[in-house]
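Take a look at the letters that make up each chain.
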Amino acid sequence: MIDRPMEPAPVDTDDELLLRAQSGDEEGFLTLYRRRQAGLFRFALHMSSSTAVAEDVTQEVFLALLREDCGYNPQRGTLSGYLYGIARKLVLRHLERGRAYVPLDTDSDDYAQPELAVLDDPMVDLTRREGIDALRRAVYALPRRYREVVVLCDLEEVDYADAAVALGCPIGTVRSRLHRARGLLLEKLNQERNPRQALGTLKPARCES
Amino acid sequence: MNCQEFWNTIPELGNVAGSRHLAECPDCAARMSRHRELEAGFRAVAAGFRRVEAPPGVEARLLSTFRRQAGSEYRAPSHRWIPAITWATAFAAMFALAALLVRERQPEAARPAVPHSIELAILQPQADSDGFIPLPDAAGVAADEDDVNLVRVELPRSAMIALGLDVGADRAEEMVEADVMLGSNGMARAVRFLD
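Residue numbers (the working numbering), protein chains in the order written: chain A, 808 to 1016; chain B, 6 to 200.
Since the hints were made in silico from the structure, they are not lab data.
Just so you know, even glycine gets a beta-carbon here, dropped at the ideal spot from N, CA and C.
Please note: incorrect hints may appear among the correct ones.
Said to hold, decoys possible - Residues from chain B that face chain A, not an exhaustive set, calculated with beta carbons under 10 Å: (1) W12; (2) R39; (3) H40; (4) L43; (5) V63; (6) T70; (7) R72; (8) Q74; (9) A75.
Isolated chain A (complex conformation) (with noise of 0.2 Å):
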C-alpha cells in the first residue's frame, strides 16, 4: 500500500463562490461573505468613522450581490474590487446624508478642517500609540479621493488593480493619486510635529499700530 500525502482542497474562487451562491447554496455565500466582509468594513469604518454605517455598508454591499441584477462582470475586474466599488457608493451617500452635520470631507485638494473629522472618532481606543493616532487623524482628515485610495492600498492592501476597479478609474490615477495623498499626510504629520516651523511657513499679520 503506497501512502500519497493528501492534497489540499482546492479552494474556491470569489467567482465559483459567488455561482455557487446565486444557485441556493448557503454554504458559498457564507463562504463569500466570511471571506470578504472584515475588509469591506473596515474600509466603510475608515472612510466614514461611523461603525454604524460600516455595518450598514457590509449589509448592503452582499445584499446588492444576492441581486440576480447585481452588474458584476467578471471581465471588467475582480469581484472583490467590484465589492469595494459597491461599498465605495454606499459609503459616499452615507456621507453625503450626513454631510449637514459632520462635515468629513471637503473633496478639495486643500488640506483643511482636519480636527472636524475626527471630533466623534469611535476607533480612538482601537490603539494608543500617540503616532498611530495622528497618523489616523491625518487620514481621516484628507480629501476623499485621496483618503479612499489610502484606505484601500494603504491599510487594506488593495492591489492596484482592484483599487482601479472599485474607484472607477484609471491604474495611473490610483498611483498618482496615492503618490499625492502621502504627500498630504507626511506634510500634515510634520507640521504637527513641528508646529513652530509650520507656523513659520505663515505670512505674519501686519501690525498696524
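Got chain A sorted already, so can you dock chain B onto it with the hints?
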C-alpha cells in the same frame, strides 16, 4: 537620475531600485526615510484593525435574507419545475391526441372486390312500368298519388350517367329529352329519358 526622475520611477514604497540616487542625494534619502516611516505607520494602523470585522448580526441578517430568497427561488426545485412539467404534460397530451386523430383518418384497408355482375345489378336503376327512374333521396314514384306534374326538359346525357345508366363518355355532353315527375311540393321525384 535626478530627483524628479527618481520619484517618478518609484512612486511606491519598498522599491529601492534607485538606491544609487538615494546614496547621492541626502534630500531624497531623508524624504524616502519619511515615506518608509509612513509605510510603517500604515502597517501599524492596519494591524490595529486586523481583528475588526462586521458584527455577527450582519451575517445573521444576511443569512436570513439569503434563506428567504433561496426558499422562494432556489431551494424548492420541485416547485420550480412545476410550470415546465405542466407544459410538458400538456404538449404530450396534445401530440397523443393529434396522433390518434391522424391514425383514424388514414385510408381504410381495401375491401374485397365485388364481382362485376353484382356491381351492375346494384347500380342498375330500377325503372317502373312507365319508364320513370326514382331520383335518389326523393320520395320515389307515387303510383297512387294523383297530385303530380310532369315536366319535359332537356338534360345532358351526363345526368343519365349519374343515375347509373350506361352512356358512353364521349356522348356525355349531348342533350337528351326527359320527363321529370314533380311532386305536390314541387320537388323532382323521378325522371324518364325519352331517347
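Against the structure, the hints:
Checking B/W12 against chain A by beta carbon gives a least distance of about 8 Å; that is within 10 Å, so the hint holds. Satisfaction of the interface hint for B/R39 is found here, the shortest Cβ-Cβ separation to chain A being roughly 5 Å, below the 10 Å cut-off. The closest approach between the C-beta of B/H40 and any C-beta of chain A is roughly 6 Å, which is under the 10 Å cut-off, so the hint is satisfied. Residue-level restraint check for B/L43 holds (minimum Cβ-Cβ distance to chain A is 6 Å; threshold 10 Å).
A distance limit of 10 Å between C-beta atoms decides the matter here; for B/V63 the minimum to chain A is near 5 Å, and the interface restraint holds. Restraint check, B/T70 versus chain A: the minimum CB separation of about 6 Å is within 10 Å; hint holds. The interface hint given for B/R72 holds, since its Cβ lies 7 Å from the closest Cβ of chain A, which is under the 10 Å cut-off. Residue-level restraint check for B/Q74 holds (minimum Cβ-Cβ distance to chain A is 6 Å; threshold 10 Å).
Taking 10 Å as the C-beta cut-off, the interface hint given for B/A75 holds, the closest approach to chain A being about 4 Å.
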